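K.L.:
Here are the chains, one letter per residue:
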Amino acid sequence: MSLSLILLSLVVGAYFSALVLFVRGFLGADREMGRWAGHLMELGFLLQTIWIFAEMFAGSRMSPAEFHLPVTNVGEASGFFAWSLAFIYLVLLRRLQIEAFGLVLIPVLVLFLIPSFFSFPVSRTLLAYFGDPYFLIHILTAFFGYASFALSFIGASLYLFLDQALKRKSPVQIYREFPPLEDLERFVFRTIFWGLLLLGGAILTGALWSKTVFGSFILKEPKSLASLLTWVVYLVIMYLHTVLLIKGRQIVRMSLIAFVLVLFTFLGTSLFQGGLHVGVW
Amino acid sequence: MELVCIGLNHKNCPVEIREQFAFSELQLSKALVELRSMEGLREWFILSTCNRVELYGRGFSGIENSLIHFLAESRGLDVCYVKPYLYRYHEREVANHLFRVASGLDSLVVGENEIYGQVRQAFRFANELKALDSILYQLVERSLRVGKRVRSETRINDGAVSVSSIAVELAEKIFGKLTGERILILGTGKISELTLKHLIKAGAGEITVTSRTYERALELAQKYGAKPIGFDSWLRTLRASDIVISSTAAPHHIVKFEDVKGIMLERRHKPLFFIDIAVPRDVDPRVSEIDDVYLYDIDDLKGVSEANLRLRKKEISKCELIVERELESFGEWYEFLEAGPMVQKLNAYFDQVVEREVSKAAGKFRGRETELRSLVQKIKASLLHVPIKKLKESARTGSLERYLETLHSLFQLKEGKPADEMKNQEKPPVLHEIDH
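Respectively, the protein sequence lines represent chains A and B. Under this note's numbering, the first residue of the first sequence carries the number 1, and numbering increases by one thereafter. Under this note's numbering, the first residue of the second sequence carries the number 282, and numbering increases by one thereafter.
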């Protein structure tokens, strides 16, 4: 078993244990469970960070002096996305952490980590571009941007669940551990804000990179167009919320629907033939 | 010496009886001072709340009757009248009862927090007036520890159970921590006033009161620094309100679906929470179909209360386990008090023997006396380690008496009064240690 797989198994083990504790805490077995689950989740993230660095400097594909972002195939990219999600939640949104959120986020993290256990062919095309700083920033911001939108989706789902529980007067134990609606709404729009900023950065650096490499701002290809559309839709939602001060269920539901575009941009566009992003993910 | 508790509570006495026994703060201090002169009483403690009056005491036999007489006389009642209402606990039962009381397991609303504060307050009073000494001090201090453990390790105090506190809890589930949310009161019922009080305490902001009788709205408004308005203008105020408490005597719905629908558009769907306590209901139930409007009527609130109580009751077994463990620990400590004087005497006996032999050999070890003493003390500690450990174990298993007798006859140790002699050795913790 390689070191990479051992590390990955430890990451999944830590996340899984955290999930078990979150569930136990949620079901009311013990008050302390949630706190321990949070620590285990942080441990999982720490181990995953080590795994990311180990993958970055793995000299199997390049000379040891160089490094690459572990996004050169489906397995690596999926694992890196899981790490981006955990990074945004545990580091950038540290103050907004919600116990109930961990319960939903961990299965997502584990799901995205599963492909990393398998080997996939490496994209040689990508490896060639890692030396370009625009390209590097483009990849990083894109991943973090999508991760932010994914978190806003989870927040919005929790919001709508709590909204319905309160409206239907569901038993208290169902939503006892949930944060208030206002906090969830704040979480949704904070993550959308970060998503807009990061995806905007990704679109911009992507265009600049294509200008340096290909001599033009290539946008006429599926992923670039879809990214731009996603960015505009989220910008409109943000405008409605922060400028026109529209609050509540409708606007949160809109953000939930907008996530379909993120899925399409991130995964769906790979089904189309042609374009710069083809054969990557 | 015996440990006793006499008292009455909500389980065996209706409020009209309980109020005859209750001590005011001033009366409590006076009673604690008066108990000093009671013959045979070494320590005492009084717990008086709206749901219970209990007198705890430790002293020589007969203090139970003395405490009953004292309670009757201090309340100006006849002993024969008082006696049938009282329950009496002795020794271990006293600890069990106080631990359960401090945990909220003996309360009218299981798991309520107020009783913990009341026990702590009574403890402060008794301590300040030097009514507590060693054993009762330990007992009350430990009961506070049990109360704290039960509340932090289980969910016995989770979820509100009164209508007013449920309303606050739900408001906080919608708006988060209340920070100036605006309240509109429609009608001036008792429950709506109580709910208002809770909401203000939780941090709610501007309050507007309206009633069909303007004077009543004015009266309530003045009491809480609110703004009274005429009943014909409440709909305008509703636009800017976040929480509405309604309890008018109207025979039909006064808050209509169409009105709220229009208002929600103007509010840009900022959440609106209706607490409808009125019967018949004031708010059209269809209002809850509108996005971002949350409506709870009196039955919904009662439903939440019952669900929370059921949840609390599920936690009782966990609490009982904590009480049981703490009771065992207290029992061990209490039992070992009997062995305390024997341990002291055993130590003294060994010291005496050691001193005699060291003095004899002093000439041979001139200049190395300190080393000699240290060595001898180490030998003494090693020799006594197992017997003292055995004594502690026997206190736990209940065979202490046999060991004490054996030690007594083996070393010819004199008789002693166990607990009293230990009193001064067991230095009680200072109050701030208990608070945290």
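Among these hints, one or two may not hold up.
Pairs of lysine-lysine, DSSO-like flavour, derived with a Cα cap of 30 Å [unchecked claim]:
| no. | chain 1 | residue 1 | chain 2 | residue 2 |
| --- | --- | --- | --- | --- |
| 1 | B | K482 | A | K167 |
| 2 | A | K247 | B | K551 |
| 3 | B | K482 | B | K583 |
| 4 | A | K247 | B | K429 |
Rather than coming from a laboratory, the hints here were simulated on the basis of the structure. As the structure is a computational prediction, the values presented were derived from the model and not from experiment.
K.L.:
A separate judgement is required for each hint: does it hold in the structure or not?
P.N.:
Here is how each hint holds up against the structure:
1. B:K482 <-> A:K167: 25 Å, holds
2. A:K247 <-> B:K551: Satisfied, since the Cα-Cα distance of roughly 5 Å is no more than 30 Å.
3. B:K482 <-> B:K583: Cα-Cα ~22 Å, so holds.
4. A:K247 <-> B:K429: 41 Å, violated
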